[in-house]
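Undergrad: Sequence:
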Amino acid sequence: MPGTAVPMSEVPDPVFAQAMVGPGVAVEPGGGEQEAVAPIDGTVVTLHPHAFVVAGEDGRGVLVHLGIDTVKQKGEGFTLHVVKGETVRAGQPLIRWNPDAVRAAGYSPVVPVVALDAPAEGLSELLTGGAVAAGEQLFVWD
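Mapping of the sequence shown onto the numbering used here: residues 12 to 153, in sequence order.
Derived by calculation from the structure, the hints in this document are not laboratory data.
Mixed in with the good hints, there may be bad ones.
Distance ranges between label pairs, derived from CB positions [claimed, not checked]:
no.	residue 1	residue 2	range
1	Lys95	Gly141	18 to 26 Å
2	Gly140	Lys85	30 to 38 Å
3	Thr15	Val151	14 to 22 Å
4	His92	Glu132	29 to 37 Å
5	Gly43	Glu68	33 to 41 Å
Think of the CB as a built atom: it goes at the ideal place given N, C-alpha and C, for glycine as much as any other residue.
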């Protein structure tokens, strides 16, 4: 989604900030309704209103978590466009949501994008700042 890339260490959640589930990049989304898109070609292996994992053919999974503590919203304000097990293409819209509504509910709308179970040194071309366009590559998993 469009926004600003921020280092994972700045995410206001220790699980993400300390890369406990893997390294990656976070995006501070712009305002208004947004479409969260598939980060890679693959299969939706986990799907919740606030988060999803897409696994590529090589088995590598990428987690996209829409906001921090947004599980507490119990799906309110999130519209799923896919189902678990569906094959998707990079850039395909998966979930519609509104970061402004997340802010208004008292949660951070920052979006961690995590290379699951990857070693920290396994990522290159990692964006750590600046503007990000929808579907832009955030890192390369070596």
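Undergrad: Now tell me if each hint is right for this structure.
TA: Tested hints:
no.: 1; hint: Lys95 with Gly141: 18 to 26 Å; in the structure: violated, 33 Å
no.: 2; hint: Gly140 with Lys85: 30 to 38 Å; in the structure: holds, 33 Å
no.: 3; hint: Thr15 with Val151: 14 to 22 Å; in the structure: holds, 20 Å
no.: 4; hint: His92 with Glu132: 29 to 37 Å; in the structure: holds, 34 Å
no.: 5; hint: Gly43 with Glu68: 33 to 41 Å; in the structure: holds, 34 Å
In terms of the numbered hints stated before, the structure departs from hint 1 and from no other.
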